[in-house]
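Chains as they are written, first to last, in full-length UniProt numbering: chain A, 1 to 203; chain B, 1 to 453.
I should point out that these hints are in silico values taken from the structure, not numbers from a laboratory. The structure displayed is predicted, hence computed values, not measured ones. Cβ atoms here follow ideal geometry from the backbone N, Cα and C, with glycine treated the same way.
Computed from the model, here is a short list of chain B residues facing chain A with C-beta under 8 angstroms: (1) L39; (2) G56; (3) P58; (4) P133; (5) R265.
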Amino acid sequence: MNPITELTAQLHRLRLRLTDPAHRPLPDITTQTGPTLRGWVLRLALLVLTPLLLLTAAARTPDIPDGVTWTIAALSTGLLLARPTPTTAGGITVVAAVLLWGFTTEPLDPWALAVALLAYALTRTTWWAAHVPFHGRAEISALLVGWRRDLVVLATTGLLGALAMLASGATVPGAVLLAALAIVGIAFLALATGGSPRDDGRG
Amino acid sequence: MTVGGIIVAHGRTSQGTPTDGNHWRPTSAHTAAIATGILLLATSVIAGRADIALIGIPSLLAATWAHTNRPTTPPPATLHEPPGTATPGELTATLHLPSTPTTADIIHLRITATGHRDTHLALAAHPHERHVPLRLSSVRTGPQETFTIDLRGSRHHIWEEEPIQVGGTPRLVLPASAPLGRLPLPHRLRGLTGPHSARRLGDGAELRDIHPFTPGDRLRRIDWRTTARRSPELDTLYVRRTYATAEATAVLVVDSRDEVGPDVRTWRGYGTLRVDEPTSLDLARHAAASVAHALVEAGDRVGLEDLARRRRPLPPASGRRHLRRLVHGLALAHPKDRASVHRVRPPQLPADAIVYLFTTLLDDEPLHLVRTWRATGHPVVVIDTLPDVHPVIENHLAIAWHIARLERENRIATLDREGIPVISWAGSERDRATVRFEALARAAQRHVPGRVP
Numbered sequence: 001m002n003p004i005t006e007l008t009a010q011l012h013r014l015r016l017r018l019t020d021p022a023h024r025p026l027p028d029i030t031t032q033t034g035p036t037l038r039g040w041v042l043r044l045a046l047l048v049l050t051p052l053l054l055l056t057a058a059a060r061t062p063d064i065p066d067g068v069t070w071t072i073a074a075l076s077t078g079l080l081l082a083r084p085t086p087t088t089a090g091g092i093t094v095v096a097a098v099l100l101w102g103f104t105t106e107p108l109d110p111w112a113l114a115v116a117l118l119a120y121a122l123t124r125t126t127w128w129a130a131h132v133p134f135h136g137r138a139e140i141s142a143l144l145v146g147w148r149r150d151l152v153v154l155a156t157t158g159l160l161g162a163l164a165m166l167a168s169g170a171t172v173p174g175a176v177l178l179a180a181l182a183i184v185g186i187a188f189l190a191l192a193t194g195g196s197p198r199d200d201g202r203g
Numbered sequence: 001m002t003v004g005g006i007i008v009a010h011g012r013t014s015q016g017t018p019t020d021g022n023h024w025r026p027t028s029a030h031t032a033a034i035a036t037g038i039l040l041l042a043t044s045v046i047a048g049r050a051d052i053a054l055i056g057i058p059s060l061l062a063a064t065w066a067h068t069n070r071p072t073t074p075p076p077a078t079l080h081e082p083p084g085t086a087t088p089g090e091l092t093a094t095l096h097l098p099s100t101p102t103t104a105d106i107i108h109l110r111i112t113a114t115g116h117r118d119t120h121l122a123l124a125a126h127p128h129e130r131h132v133p134l135r136l137s138s139v140r141t142g143p144q145e146t147f148t149i150d151l152r153g154s155r156h157h158i159w160e161e162e163p164i165q166v167g168g169t170p171r172l173v174l175p176a177s178a179p180l181g182r183l184p185l186p187h188r189l190r191g192l193t194g195p196h197s198a199r200r201l202g203d204g205a206e207l208r209d210i211h212p213f214t215p216g217d218r219l220r221r222i223d224w225r226t227t228a229r230r231s232p233e234l235d236t237l238y239v240r241r242t243y244a245t246a247e248a249t250a251v252l253v254v255d256s257r258d259e260v261g262p263d264v265r266t267w268r269g270y271g272t273l274r275v276d277e278p279t280s281l282d283l284a285r286h287a288a289a290s291v292a293h294a295l296v297e298a299g300d301r302v303g304l305e306d307l308a309r310r311r312r313p314l315p316p317a318s319g320r321r322h323l324r325r326l327v328h329g330l331a332l333a334h335p336k337d338r339a340s341v342h343r344v345r346p347p348q349l350p351a352d353a354i355v356y357l358f359t360t361l362l363d364d365e366p367l368h369l370v371r372t373w374r375a376t377g378h379p380v381v382v383i384d385t386l387p388d389v390h391p392v393i394e395n396h397l398a399i400a401w402h403i404a405r406l407e408r409e410n411r412i413a414t415l416d417r418e419g420i421p422v423i424s425w426a427g428s429e430r431d432r433a434t435v436r437f438e439a440l441a442r443a444a445q446r447h448v449p450g451r452v453p
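All chains, please: the whole structure from these sequences, using the hints.
Now the structure itself:
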C-alpha cells in the first residue's frame, strides 16, 4: 500500500479511537448533599502538610544538611501519598520527632507545639485520604465533625507543654504563653457550647 | 422490609449476614495512634526531651478519648423508592439516615448502579435525620436494576463498623411518548361509531349529498331550504345525507427478538450496553408508545403483538385504560433466548387492521412478515428502530457492519419499491417522523373510499 494512504488510514483510525463514544466515562449517580471536597483535594493537602511538618521539625536543627532534610521530606510525602494509612502517618510523625530531637541540648523547645499541631493535622488528613477515594467526595460538614474534641486535645497538649516548660525551668516567650492560653480558652469555650457532656463534635 | 411496595434490604452485611449484633471495632488508626504516642514517650524519656513527647500527645489523647466512647448501635439506613413504575430519566430514590446518639458520626457510602460510575461519599450524621436524594442517569426503558448502597459508619475516626448493604428493587421503566399528528389509517373502517368518516351512509357530520326523501330517512334530516327551492309545492321532500362514522384498528408489532445499541462491539452479547444511550428496543418502545398514544387519543382501537414472546397478544381495544396496558406490555417486551434464530410466524391480525411494525431490519424476517400481511390486504408501516451506530475502529467489526448495513439498506430499498413506507426513529430522524406520518396520512386520505374520489 502507498505509504501516504497507509498514513492517512492510520490517522483516521487514531481519530476514531480518540473520539470513540464507547470510551466515554460512565455517567454519574446524582446525589444531593451539602458542599463537598473531592478526594484529590485531601491528597493535595497531604502533599503540602507532610513536607511542612518535616521541614518545621528540622528547622531548629542546624546540624542536618538541607539535602538530607529535603530527601526525607520527599520520600515521606511520596510514601504517604502512595499509602495514606494511619501507620504511615504515625511513622512520619516519629521521623518528625527524630528531626526535632536534632541532638540539641535544650530540654524543651516550644517549637515542638507547632510540630505537634502539624502532626495531628497530618494524622487527621491521612485518615480522610484513606477513607475518601481520589474521585470520591466528603461533605465539608463531615470534615468538621469532632472539631471541639480536636480543639480540646490541642489545648491540653499546649497546657502540658507549658507545664513541662515551667518544670524544666526554660524561659517561655510571652507570645507562646499567650497563644497557649488562647487555645485553652477557646477549648473550654467549645466545651461549654457543646451539645452533650461527652461532646464528639456533633453540633 | 417492604416500604410502599418497594423492598428495602436493610441491616445485612455485604456478605448477606444480618447485623443484629454490635459490629463496631477499633481500627488501625487507634493502634497507630497508641503505638506512636508510646514510642514518642519512650524516646522522650531516653533522650530527656519533653518536647518529643508533646508531638505524640494529641493523637494519644484523641485515641484515649475515642476509646471511652464506644458506639453501640449500627447506623440505621433505609432506601425509599417511589412506588409503582418509573419514566425514563426518573429513576430516583431517597436514602434515609435516622440519627441515633450512640451510633456513627460519619457515614461512608459507596453507591453503585448498573452502567454508572461508583459514587463514594462521606457524610456527616447530623443530629437530625438525613434524607439523601439519589438519581440515575439512565435513559433506558423496561425492567431496570437500581441502586445498591454499601454503608459503613465511623465514630471519632477510631471506631468503624462492618459495612452493611442497602439495596433497591428492580423497577419497570415505562416508555414515554412523543406527540404525533395524524397517522395513516386502514383503507376500510369498521364499526358503527368512531372518529373517522366511513364510506357508507349514516349518522355523521360530513355531508355526502342532498337526496329525495325515502322511507327510512329521519324527519330531522329534511333540508327545508333545499326543499323550498327545488319543490315549492312540497311534492318532494329533500334530506341531507351524511357519511357514517367508524373507527380504525391498528396493530403494533414489536420485533423484540434482539436488542442492539449504538456500539457494534456489544452486538455479540459480550459487551455492556450503556445506560445513557437508547437501544433499538428502547426506540421501539418509545415509537410504539407514541403511535399507540396518538391512535388511542383519536379514538381508534390498538392491539399489540410481541414477536419474541409466545404469549397472548393484547387484542385491539380503545380507551385510556387500554393505553396503560399497551405501554406496560411494551415495557415488558424483551428478547428471549434463541428467539432471533427461530422463523417467525406472522401474527393473526383483525380484518382491515393497519400494521405498525417496529424493527431493526437486521434480518429478512420483517420482510417476510410485511409481504405476508400485504398479501392479505393489510396496510403496513415499518418503523426503523436501529439506533445511529457509532463508527467502528476494529477492522473485522467494520467489515461485518459494512456488510450488515448494505444488506439492511437493500431491505429498505426493497420495501420502498414495494410501496411500504419505512420511517426512521433514531437520532435526528425522530423529529422528521411526525412529518412523515402526516404525509402518509394525507396520501392515504386521497384514496379513502367513501370520500368523494
